[in-house]
Amino acid sequence: MELTTLTYLFVGATFALYIGIAIWARASTTSEFYVAGKGINPVANGMATAADWMSAASFISMAGLIAFNGYGASVFLMGWTGGYVLLALLLAPYLRKFGKFTVPEFIGERYYSRTARIVAVICLILASITYVIGQMKGIGVAFSRFLETDYDTGLYIGMAIVFMYSVLGGMKGITYTQIAQYCVLIFAYTVPAVFISLNITGNPIPQLGILSTMAEGNTYMMDKLNLVVSELGFNEYTTQVLGSKLNMFAYTLTLMIGTAGLPHVIIRFFTVPKVKDARATAGWALIFIAILYTTAPAVGSMARLNLMNTIQLGPVGEVTSNIKYENRPQWFKNWEQTGLLKFEDKNGDGRIQYYNEKNKDFAVKADSFGWKGNEMVKVDRDIMVLANPEIANLPNWVIALVVAGGLAAALSTAAGLLLAIASSISHDLLKGIFKPDISEKEELMAGRVAMAGAIAMAGYFGLHPPDFAAGTVAIAFGLAASSIFPALMMGIFNKNMNRAGAVAGMVTGISITMLYVFQHKGIMFIPGTSFLGDMSPNWFFGISPNAFGCIGALANFAVAIGVSKMTEAPPEHIQHLVEDIRIPAGAGAATEH
Amino acid sequence: MNKSDYWKENLRLVTILLLIWFAVSFLFGIILVDTLNVIRIGGVGLGFWFAQQGSIYTFLVLIFVYTKKMNALDRKYNVHEDD
Chain A
1 MELTTLTYLF
11 VGATFALYIG
21 IAIWARASTT
31 SEFYVAGKGI
41 NPVANGMATA
51 ADWMSAASFI
61 SMAGLIAFNG
71 YGASVFLMGW
81 TGGYVLLALL
91 LAPYLRKFGK
101 FTVPEFIGER
111 YYSRTARIVA
121 VICLILASIT
131 YVIGQMKGIG
141 VAFSRFLETD
151 YDTGLYIGMA
161 IVFMYSVLGG
171 MKGITYTQIA
181 QYCVLIFAYT
191 VPAVFISLNI
201 TGNPIPQLGI
211 LSTMAEGNTY
221 MMDKLNLVVS
231 ELGFNEYTTQ
241 VLGSKLNMFA
251 YTLTLMIGTA
261 GLPHVIIRFF
271 TVPKVKDARA
281 TAGWALIFIA
291 ILYTTAPAVG
301 SMARLNLMNT
311 IQLGPVGEVT
321 SNIKYENRPQ
331 WFKNWEQTGL
341 LKFEDKNGDG
351 RIQYYNEKNK
361 DFAVKADSFG
371 WKGNEMVKVD
381 RDIMVLANPE
391 IANLPNWVIA
401 LVVAGGLAAA
411 LSTAAGLLLA
421 IASSISHDLL
431 KGIFKPDISE
441 KEELMAGRVA
451 MAGAIAMAGY
461 FGLHPPDFAA
471 GTVAIAFGLA
481 ASSIFPALMM
491 GIFNKNMNRA
501 GAVAGMVTGI
511 SITMLYVFQH
521 KGIMFIPGTS
531 FLGDMSPNWF
541 FGISPNAFGC
551 IGALANFAVA
561 IGVSKMTEAP
571 PEHIQHLVED
581 IRIPAGAGAA
591 TEH
Chain H
594 MNKSDYWKEN
604 LRLVTILLLI
614 WFAVSFLFGI
624 ILVDTLNVIR
634 IGGVGLGFWF
644 AQQGSIYTFL
654 VLIFVYTKKM
664 NALDRKYNVH
674 EDD
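Chain order of the listed sequences is A and H.
Per my numbering, the first sequence starts with residue 1, numbered consecutively.
Per my numbering, the second sequence starts with residue 594, numbered consecutively.
Honestly, the hints are just simulated from the structure, not real lab data.
Since this is a predicted model, take the numbers as computed values, not measurements.
Careful: at least some of the hints might be erroneous.
A few chain A residues that face chain H, going by a derived Cβ cut-off under 8 Å, partial list only [what the hints assert, rightly or not]:
1. GLY20
2. ILE23
3. ASN69
4. TYR71
5. GLY82
6. MET222
7. GLY243
8. SER244
9. LYS245
10. ILE291
11. ILE574
12. VAL578
13. ARG582
14. PRO584
15. ALA585
All C-beta atoms, glycine included, are put in the ideal place defined by N, C-alpha and C.
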């Protein structure tokens with residue numbers, strides 16, 4: 001069958017499935033809307049958490065970053081999995097024991113302060129909106145390829161679908177839909193990986209494929225890749241770092257503590273029946289996540305190898321080694337249409353030269369070959385996973401499956417995030433602070449309006465994304481890491497942490513992080529408004545804006561502890577509350593107040 | 594056998610597990626990566642392997658060990674939830 005027909009078929013069938021489930025499991029009470037009535041089994045919840053968690057950034061963008069950054073992209077692999085250890089050990093069981101609906105609700109009650117609750121809502125919204133922008137970029141890329149339009153049109157269509165989709169179900173609907181979405185996305189991710197690993201190394205298990213030799217000859221696959229890229233002046237795959245070792249350290253730490261501070265993930269631990277289940281959920285979620293994350297290094301490295309081999313057909317320097325532009329494969333033409341892949345024949349020889357023109361030593365060599373610069377003027381990292389099966393010549397149904405998987409990943413996360421935003425506005429701001437006598441019906445309506453506003457805003461920024469999908473998402477982690485995680489952790493582990501300390505800490509942490517991001521990336525990410533260039537010489541100790549959240553978090557801890565020592569200790573009943581959440585006994589269902 | 598002993602034992606367990614968490618990711622995967630890369634597993638260095646594979650497997654083990662040990666601790670101090 002034709003690729004377009006197959007793609008419509010796969011995407012259509014999976015969408016029908018999701019919407020069917022969402023209607024079947026539609027929420028009727030606020031408890032079902034916010035926390036699925038707390039009746040979800042930990043294995044099912046782990047699977048839903050994994051789908052919620054693995055977004056367009058994980059599915060579409062991450063392998064692309066791995067492909068082009070090699071070892072340097074390890075920060076994403078460790079950072080986005082290691083956070084679950086923090087979540088399981090430091091937060092999940094205690095927040096479940098506390099038994100409320102939202103993260104700001106915990107912060108407001110623990111720090112006996114409306115101010116703290118409002119500050120937490122603001123931090124949560126800033127982090128979640130930034131995160132949704134990253135999803136929008138991913139959705140735009142997927143739709144533009146799938147419908148063969150330009151990126152902007154793809155984005156508008158994506159926004160419309162997310163809107164229809166997210167207002168349908170509450171947490172209950174979302175949870176069951178996410179289980180289906182997990183199955184689609186993990187199948188779509190691993191099937192092409194198995195095929196490609198088998199093609200290249202002869203080993204069908206991608207995790208072992210990257211350790212193996214090439215299917216033909218005795219060279220190890222990774223050694224071959226290192227050779228191929230360094231021959232064209234690129235950095236060696238397995239040793240290239242992201243900025244510096246210090247930057248990689250900070251980046252990893254930021255993603256880990258950001259994971260443990262992101263509201264849409266934390267909410268998931270409110271949906272299980274028991275404290276015991278909250279601990280287990282983190283483990284199950286990580287198993288389901290690890291299946292994709294341990295496959296990604298194979299997808300990235302093998303996609304890079306295939307890409308290089310498509311363009312460079314033989315020894316570097318021989319004229320016939322570079323593929324003729326008119327002979328370029330079909331996938332190349334398809335992606336040119338989206339504007340995410342661009343070729344420019346700089347030396348007018350009708351052939352494609354793809355090399356690292358920034359490498360001065362190699363540029364001299366390239367000059368002697370008659371090359372006038374790198375002719376692959378744009379290779380958007382975010383296209384790698386979607387293009388990968390086409391590059392490897394896999395059958396059409398696999399390509400269609402990957403498109404469906406990418407959309408499942410982006411939609412499930414967008415739905416989870418939008419729910420977190422909507423609940424913090426309708427439950428925390430409206431019901432909790434401004435209008436406590438609001439009816440359940442009005443509260444749900446307010447949530448839906450908030451969702452629509454968030455989609456519109458994320459879509460606007462999605463037209464001018466500050467970075468690739470994974471990079472944008474990393475900024476969201478920085479914001480969550482520097483504000484929410486420290487406040488939650490100290491709320492449980494430091495009985496003497498008080499209102500003044502927590503508020504001062506959150507404000508300091510998020511301000512430092514935002515200032516640093518804005519000064520390098522532009523105010524509200526608007527291009528041209530950055531007052532310090534987005535270049536490494538201007539970076540504080542070479543730490544990139546995406547990696548700065550951990551510094552904000554350190555400042556948060558330091559300020560909070562300092563301020564709390566100088567101000568009055570929290571009242572007696574709060575100290576009892578903290579003692580109470582530290583033991584599992586007596587955890588009931590979530591209570592309304 | 595009181596709640597503060599329960600909390601101390603919990604903190605000790607969490608500290609040990611977090612030390613391992615730090616070692617497999619930040620220490621093996623970043624700080625000592627070049628040193629460990631001298632040792633090879635198949636076609637890749639050990640440091641690279643920890644950064645892209647090994648750390649993730651270890652994280653999984655850590656969470657399940659924590660869950661198992663904490664459930665036992667809950668029963669030991671009789672602070673578990675009703676069944």
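Taking the hints in turn, this is what the structure says about them:
Against a cut-off of 8 Å between C-beta atoms, the interface hint on A:GLY20 is violated, since the closest Cβ of chain H lies about 33 Å away. Annotation: A:ILE23 was flagged as interfacial toward chain H, and the flag is violated, the nearest CB pair being 34 Å apart, outside 8 Å. Contact between A:ASN69 and chain H, as hinted, is not supported at the beta carbon level, the nearest pair being about 11 Å apart and thus beyond 8 Å. Interface restraint check: A:TYR71 against chain H, minimum CB-CB distance 6 Å, threshold 8 Å, status holds.
Below 8 Å, beta-carbon pairs count as interface contacts, and A:GLY82 has one with chain H at about 5 Å; its hint therefore holds. With 8 Å as the threshold, the beta carbon of A:MET222 comes within range of chain H, its nearest partner Cβ sitting at about 4 Å, so the hint holds. Violation of the interface hint for A:GLY243 is found here, the shortest Cβ-Cβ separation to chain H being roughly 12 Å, above the 8 Å cut-off. With a cut of 8 Å, the hint placing A:SER244 at the interface with chain H is violated, because the nearest CB-to-CB distance is about 10 Å.
Interface restraint check: A:LYS245 against chain H, minimum CB-CB distance 6 Å, threshold 8 Å, status holds. Below 8 Å, beta-carbon pairs count as interface contacts, and A:ILE291 has none with chain H, the closest being about 10 Å; its hint is therefore violated. Proximity of A:ILE574 to chain H is violated relative to the hint, the smallest CB-CB distance being about 17 Å (cut-off 8 Å). Of the supplied interface hints, the one on A:VAL578 is violated, with its beta-carbon coming no nearer than about 11 Å to a beta-carbon of chain H, more than 8 Å.
The beta carbon of A:ARG582 is positioned within 8 Å of a beta carbon in chain H (closest approach about 6 Å), and the interface hint is therefore held. Interface hint at A:PRO584: satisfied, since its Cβ lies 5 Å from the closest Cβ of chain H, which is below the 8 Å cut-off. Interface restraint check: A:ALA585 against chain H, minimum CB-CB distance 5 Å, threshold 8 Å, status holds.
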